[in-house]
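Trainee: Listed below are the residues making up each chain.
There are 4 protein chains.
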Amino acid sequence: MDIIALQQKLTEFANEREWNEFHTPKNLAMALAGEAGELLAEFQWLSAEQSCALTTQQLTAVKYEMADVLLYLLRLADKLGVDLEQAAYEKIALNAEKYTIALAKGNALKYNQLEE
Amino acid sequence: MDIIALQQKLTEFANEREWNEFHTPKNLAMALAGEAGELLAEFQWLSAEQSCALTTQQLTAVKYEMADVLLYLLRLADKLGVDLEQAAYEKIALNAEKYTIALAKGNALKYNQLEE
Amino acid sequence: MDIIALQQKLTEFANEREWNEFHTPKNLAMALAGEAGELLAEFQWLSAEQSCALTTQQLTAVKYEMADVLLYLLRLADKLGVDLEQAAYEKIALNAEKYTIALAKGNALKYNQLEE
Amino acid sequence: MDIIALQQKLTEFANEREWNEFHTPKNLAMALAGEAGELLAEFQWLSAEQSCALTTQQLTAVKYEMADVLLYLLRLADKLGVDLEQAAYEKIALNAEKYTIALAKGNALKYNQLEE
Numbered sequence: 134m135d136i137i138a139l140q141q142k143l144t145e146f147a148n149e150r151e152w153n154e155f156h157t158p159k160n161l162a163m164a165l166a167g168e169a170g171e172l173l174a175e176f177q178w179l180s181a182e183q184s185c186a187l188t189t190q191q192l193t194a195v196k197y198e199m200a201d202v203l204l205y206l207l208r209l210a211d212k213l214g215v216d217l218e219q220a221a222y223e224k225i226a227l228n229a230e231k232y233t234i235a236l237a238k239g240n241a242l243k244y245n246q247l248e249e
Numbered sequence: 134m135d136i137i138a139l140q141q142k143l144t145e146f147a148n149e150r151e152w153n154e155f156h157t158p159k160n161l162a163m164a165l166a167g168e169a170g171e172l173l174a175e176f177q178w179l180s181a182e183q184s185c186a187l188t189t190q191q192l193t194a195v196k197y198e199m200a201d202v203l204l205y206l207l208r209l210a211d212k213l214g215v216d217l218e219q220a221a222y223e224k225i226a227l228n229a230e231k232y233t234i235a236l237a238k239g240n241a242l243k244y245n246q247l248e249e
Numbered sequence: 134m135d136i137i138a139l140q141q142k143l144t145e146f147a148n149e150r151e152w153n154e155f156h157t158p159k160n161l162a163m164a165l166a167g168e169a170g171e172l173l174a175e176f177q178w179l180s181a182e183q184s185c186a187l188t189t190q191q192l193t194a195v196k197y198e199m200a201d202v203l204l205y206l207l208r209l210a211d212k213l214g215v216d217l218e219q220a221a222y223e224k225i226a227l228n229a230e231k232y233t234i235a236l237a238k239g240n241a242l243k244y245n246q247l248e249e
Numbered sequence: 134m135d136i137i138a139l140q141q142k143l144t145e146f147a148n149e150r151e152w153n154e155f156h157t158p159k160n161l162a163m164a165l166a167g168e169a170g171e172l173l174a175e176f177q178w179l180s181a182e183q184s185c186a187l188t189t190q191q192l193t194a195v196k197y198e199m200a201d202v203l204l205y206l207l208r209l210a211d212k213l214g215v216d217l218e219q220a221a222y223e224k225i226a227l228n229a230e231k232y233t234i235a236l237a238k239g240n241a242l243k244y245n246q247l248e249e
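Chains as they are written, first to last, in the working numbering: chain L, 134 to 249; chain U, 134 to 249; chain Z, 134 to 249; chain G, 134 to 249.
For reference, chain L alone in the conformation it holds in the complex (with noise of 0.2 angstroms):
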């Protein structure tokens, strides 16, 4: 994925639409759980097997929402100045200390409550 080709496109969108001001990092951090929200609220009501079989409407629906997060992260990402890809690959390498393969094998509990 050419991040910074996206992110300029996302520019000139917000440019053309004078929309920096409102596009603050704590309103982007907002709008991004907004839409975090509506994807929620695709999968409310579907069972966990229903939510593995979509259908193609659902799919749909789903698929921009995911875009509109995304859309938002890279925004985001572009007026703090971070780099995501190495921010990701940095926070696999401490969820990999936290979530210990021996400690987290097989259940899914948060990383403070492995040990009980």
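Simulated from the structure, these hints should not be mistaken for lab results.
Hints may be right or wrong, so weigh each one.
Same chains, same names: a pair is fine if it fits in one copy or spans any two.
[As the list claims (entries may be wrong)] Here are the simulated BS3-like cross-link-like pairs (lysine-lysine), alpha carbons at most 27 angstroms apart as the crow flies:
1) 212 with 224
2) 212 with 243
3) 224 with 243
4) 231 with 142
5) 243 with 142
6) 142 with 238
7) 231 with 243
8) 238 with 224
9) 238 with 212
10) 231 with 212
Once you've looked at the hints, dock chains U, Z and G against the given chain L.
Mentor: Just chains U, Z and G, lined up with the frame of chain L:
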């Protein structure tokens, strides 16, 4: 960003911990929204100005919450077979129709309020 | 539930800590959504069945996340002068129009999908 | 607020529409978080000042999103047997320990950052 490489890494991570049974699309959407909530919490008491000038400590916390959102988004896309980059461009095109420059310039109303 | 008493308690709590400057409606809405995200996280890896039969430890955690949501909701209502009980009855009446029994029976589609 | 009366109304509402199978605690937590996301969306592009001086139209929208959050919270409490009022007072007491006046006065850091 090499999405496939990151998704493979996440698949391995989940396989090693036997987490696949937990990673239904429904549950991944919940986890993503939970992380979006944590991202939100980093900004909730900051002023607009403070959110534009994060301290190093704040930026690090924000960066890892953004990474968490990204990781669940990538995992969900993998499970659903969604091409995130294509979805992003399609959504930008849809947004350009909903938020035409003429209507949206200088305001950030929702598209169904734009004519009011 | 004595809402006024709880709201007064929250006002005192905020006053004693000089938190009023932080408690704008915008920030309170963020805090509420952050707590909703924490509530979500308690359920994210549970099956439907497990969520209906929480352990004592899980129920305690869930209870306090619900309390957090309620406290921010009460605080926000206080700041905005919203009568929550009246708003609840008004919303139920609106929902009854949107989700008529004839259309909604046995399915949980959103109201704009009900005719499809 | 007569919580029992509201909960009975919600139970009837769900019974008439045969929605009980959808109303697992897990799904209700998702729905609550989705509504919190909609509440958030009402505030996302507003400045702190604007959020303190909502227009009538904005306040109405906010009021009904708050009502949606409350209704799912009441329904969840009913399903789980949680006494919301008691939980609220217990949580305030816990918060008073975590955020002592001496430490928290004039700042809104999270309790685990207060000593830093």
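Trainee: Against this structure, judge whether each hint is valid.
Mentor: These are the hints, each one checked on the structure:
no.: 1; hint: 212 with 224; verdict: both (20 angstroms within a copy, 20 angstroms between copies)
no.: 2; hint: 212 with 243; verdict: between (31 angstroms within a copy, 22 angstroms between copies)
no.: 3; hint: 224 with 243; verdict: both (15 angstroms within a copy, 22 angstroms between copies)
no.: 4; hint: 231 with 142; verdict: between (37 angstroms within a copy, 16 angstroms between copies)
no.: 5; hint: 243 with 142; verdict: between (38 angstroms within a copy, 20 angstroms between copies)
no.: 6; hint: 142 with 238; verdict: between (42 angstroms within a copy, 17 angstroms between copies)
no.: 7; hint: 231 with 243; verdict: both (9 angstroms within a copy, 21 angstroms between copies)
no.: 8; hint: 238 with 224; verdict: within (19 angstroms within a copy, 33 angstroms between copies)
no.: 9; hint: 238 with 212; verdict: between (38 angstroms within a copy, 20 angstroms between copies)
no.: 10; hint: 231 with 212; verdict: between (29 angstroms within a copy, 24 angstroms between copies)
Going down the numbered hints, you'll see the structure goes against none, and every one checks out.
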